[in-house]
Amino acid sequence: MGEIKFADEDDASDTLPEGFEPYVKEWFNSKFPGLSNPQKYAFELIHEEENSLICAPTGSGKTLSAFMSALNELFRMGEEDELDDEIYVLYISPLRALSNDIERNLEDPLQGIREKAEEMGYDVPEIRSMVRTGDTTDAEKREMRENPPHIMITTPESLGILLNSPKFKENLRNVKYTITDEIHSLSANKRGVHLSLSMERLEDMVNGSPTRIGLSATQAPIDEIAKYLTGYTADEDTGTKLDQNDEEVVSAPIASRKDYSPRDCTIVDVAASKEIDLETVSPVRDLIHTPPAEIQEAMYDKIYNLIQNHDSTIIFTNTRSATERIVNNLKERFPDKYDENIGAHHGSMSRDKRLEVEEKLKKGEMKVGVTSTSLELGVDIGSVELVLQLGSPKGVARGIQRVGRSGHHIGEKAKGKMIVTDRDDALECSVLSKCAKEDDLDKIQIPQNSLDVLAQQVVGMACNHKWDINHAFNVIRKSYNFVDLEIGDFENVLKYLGGEYELEDQNVYRKIWIDHEDGLFGRSGKMTRVIYMTNIGTIPDESGYEVVTRGDKSYVGTLDEEFLDRLTKGDIFTLGGSTYEFKYAKGMKVFVDPQPQKKPTVPSWYSQRLPLSYDLGVKIGRFRQEVEEQLDLGAGDDDIIQWIMHNYYLDENTAEAIFRYLKEQYQLTGDVSNHSDVTVERYIDDDNRQNFIFQTIYGRRTHDALSRILAHLLQQKINKNIGMVIDDNGFILVTPRRPIDIEELLDDLVNCDLEEELKEAVGKTELMKRRFRHVAGRSLMILRNYQGNSKTVGQQQMKGHFLISAIRNQYDRDFPMIKETYREIMEDAMDIQHTKEVVDEIENGSIEIEQRKADVPSPFSHNLLLQESSDVIKMEDKKKRLQELHDQVMERIED
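One rule links them: number in our numbering = place in the sequence shown (from 1) + 262.
Among the clues, some could well be false.
Computed cross-link-like contacts, SDA-like style, restricted to lysine to any residue with a CA-CA straight-line distance of at most 25 Å [stated by the list, open to error]:
#  : residue 1 : residue 2
1  : K438      : E312
2  : K1140     : Q1150
3  : K599      : L639
4  : K696      : W905
5  : K982      : K1031
6  : K675      : E271
7  : K696      : I484
8  : K815      : T1054
9  : K520      : D827
10 : K699      : T398
11 : K979      : I1002
12 : K438      : N409
13 : K624      : T398
14 : K925      : D949
15 : K982      : D827
16 : K1140     : E312
17 : K1021     : K1031
18 : K293      : L368
19 : K438      : A482
20 : K1053     : M850
21 : K403      : M382
22 : K624      : L368
23 : K267      : N580
24 : K861      : T836
25 : K757      : T796
26 : K1140     : D989
27 : K431      : E348
28 : K860      : K699
29 : K293      : M382
30 : K925      : P553
31 : K593      : T683
32 : K431      : D397
33 : K429      : R390
34 : K860      : T841
35 : K757      : R1075
36 : K267      : N567
37 : K438      : P553
No lab work stands behind these hints, which were simulated from the structure alone.
Just so we're clear, the structure is a prediction, and the values are computed from it rather than from any experiment.
Please model the complete structure; the sequences and the hints are all you need to start from.
Given below as structure tokens:
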């Protein structure tokens, strides 16, 4: 049985491994004063060929921790004339830019060690490294084929191509080490699923078993990341090789699930060794009554002062539009200070522009870089003194990752300030700061049994040679992401790929042949390899949707795809300052009716915001609960404010704003809604609409699932459309003004099949259509590229529309790619698992629900209510409305 274990102090060594070559030791000792924390553990572990996950902060020598023992082995092999022209080290990075950084950073040790060896009288060959990504030119690819590098630096997608390159894959037969960088960022999405299967295909192909090395930032649960890195092994019959038309096919019985266990791995977790100086600050004392213009002015003054007091600063926002706005405003407000020394960096910019910003930061030519997410990972940007986070980063691990971009050198402190202009954000950031300081992380969620990625990889497997079905199943289940895959799902994927679902009339043809009698499958036709190689990958094409009115087909504007996911028939939204009712979408067009008198039900910025993690939401709930307990005990205001400041690392402005917020809720309602004591407020708004406001705190992904299920149950009862407003801090069901029994609705909730209700709720939505198109693209049902032609997103969407209709007419939800679409929506886009936990706790009484009729909505409801009209009122008017609601609360409290 495999073992996942943590390195302890006994595993650490202040000296290089005895087995290192003398010239390697000399080079290292001449370059560095000693071993960094991760190196004290990793050098020896990897030298002993132990699978290792290195969890360490930026600037701790993490990359050299992974490479040093592998470099020593390559030089040893070269010295003993064992080094052939083939690949021994595979380095896999999620970012092309990171790959280029690594190649540059390897130049020094590769050249320096060789020079030191020659100086000491050793004859060692040149160790070559090369980068293979989507940017690699044909000439560079040709050079790789003719003269393969010893170290290949690549991305998950390019690795998938290398495994299927008829000649080049032979250079992978003796890979000894695989290094997966930023593994935490890959493991949480389908790129990571694809990589995990590629690693098992590599494992099945190579001579021996490569040592697997993972590099990770702070993450939890770290032992699950280790299992993802190493995959599983099984106590199985290794099978026999059958000669099938001059091809050797391994035949084996299916291994039982109980026979699978994780491969051995040692976790080097020194992430907490980097000290974090993180504080939440508010630019003003009163976040309610201070005019928006004054708050903005104070915020930019604070940003300016912080930037000027540091040599280099990175500012993180949560949206690309906010990134551009911050850059422009700083330039306009301080034209004599910021011009060429400030720059934006995000995914919508050209690669050349991003590289220019990275180079300027690295060379110290840029005072401040502003980004949304694109600088979170370890792209080399030199030394950064300060990180500013505007608003909440929505997760503890993400917050630590961002702040960790500062203090790049060994021994330096990471320094960050979170600037808040909203009471909910202030509360969120205060809890996040405490969790970051105490290394209390939210848990990562890793996709399981993604049938679309499986289908793509099975085609790749078939392109290389014939497979015994049982042996292929065993190999696939060694991936962490598929260890619990059911044989029935695997067989259905094979049936789909083998053309046994009749979809030829939709121009979906088989990619593999299946011999059920002998239990074999293989490639169907020469074009299959071309199809696989030109459509590989998991990142879908995205595009904007054109919005037109139904009557005269007038052009209104464009919507992004994520926003369209949110819409259901009858929803009201704002575009270009006017309101429209969503009717339907066809292809890449959205058809609407003007509704100037109606208020929006979906905020236009919904799709851009990062979701709050469930774990952080629960911790916010516990903080609310702690404050309520102190209020119950009669603690004084100043004492509670001081307690908040001391325990949650806040300035006085922020601590006081949070306390006033919670105390006002307490004074008006008698309690403070939290993770285990939820208030549902019934409020009739100015438009005579009935709002049921659920003051939950589980994050948007859980609220999305929970609200859709409740709305669907209620819709079946009253046969009327239900409006929804969803946020990280709760959700609203908007209903006609008629009696609604919430207790009865909650009874229906705890007694229903949650997954089935959610499937019914999303089955005919735009979300379902778009996600199916993504799944169909990954599973090679829709070919983005074929015979030199590329399908536009609109063509893909139309194809997906016809396909999903045809499949539903012929087959049920067990058709593998329909099943995967539902799984992706429920588990990846939403959070059905935590939704189930919440409903279970409602049923067993761990979560209590209290109802309140509110002629005056309580403070926790204010931001949710304002979202309904946030697109049709100016910021000043929104602030005025917030003040009015707040004043109503204070009047009621004083009465």
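Evaluated hints:
no.	hint	verdict
1	K438 <-> E312	11 Å, holds
2	K1140 <-> Q1150	15 Å, holds
3	K599 <-> L639	28 Å, violated
4	K696 <-> W905	13 Å, holds
5	K982 <-> K1031	23 Å, holds
6	K675 <-> E271	23 Å, holds
7	K696 <-> I484	20 Å, holds
8	K815 <-> T1054	22 Å, holds
9	K520 <-> D827	40 Å, violated
10	K699 <-> T398	42 Å, violated
11	K979 <-> I1002	10 Å, holds
12	K438 <-> N409	19 Å, holds
13	K624 <-> T398	24 Å, holds
14	K925 <-> D949	29 Å, violated
15	K982 <-> D827	21 Å, holds
16	K1140 <-> E312	59 Å, violated
17	K1021 <-> K1031	13 Å, holds
18	K293 <-> L368	14 Å, holds
19	K438 <-> A482	28 Å, violated
20	K1053 <-> M850	13 Å, holds
21	K403 <-> M382	35 Å, violated
22	K624 <-> L368	17 Å, holds
23	K267 <-> N580	36 Å, violated
24	K861 <-> T836	9 Å, holds
25	K757 <-> T796	23 Å, holds
26	K1140 <-> D989	17 Å, holds
27	K431 <-> E348	10 Å, holds
28	K860 <-> K699	46 Å, violated
29	K293 <-> M382	16 Å, holds
30	K925 <-> P553	22 Å, holds
31	K593 <-> T683	21 Å, holds
32	K431 <-> D397	20 Å, holds
33	K429 <-> R390	19 Å, holds
34	K860 <-> T841	7 Å, holds
35	K757 <-> R1075	15 Å, holds
36	K267 <-> N567	46 Å, violated
37	K438 <-> P553	63 Å, violated
The earlier numbered hints that this structure contradicts are 3, 9, 10, 14, 16, 19, 21, 23, 28, 36 and 37.
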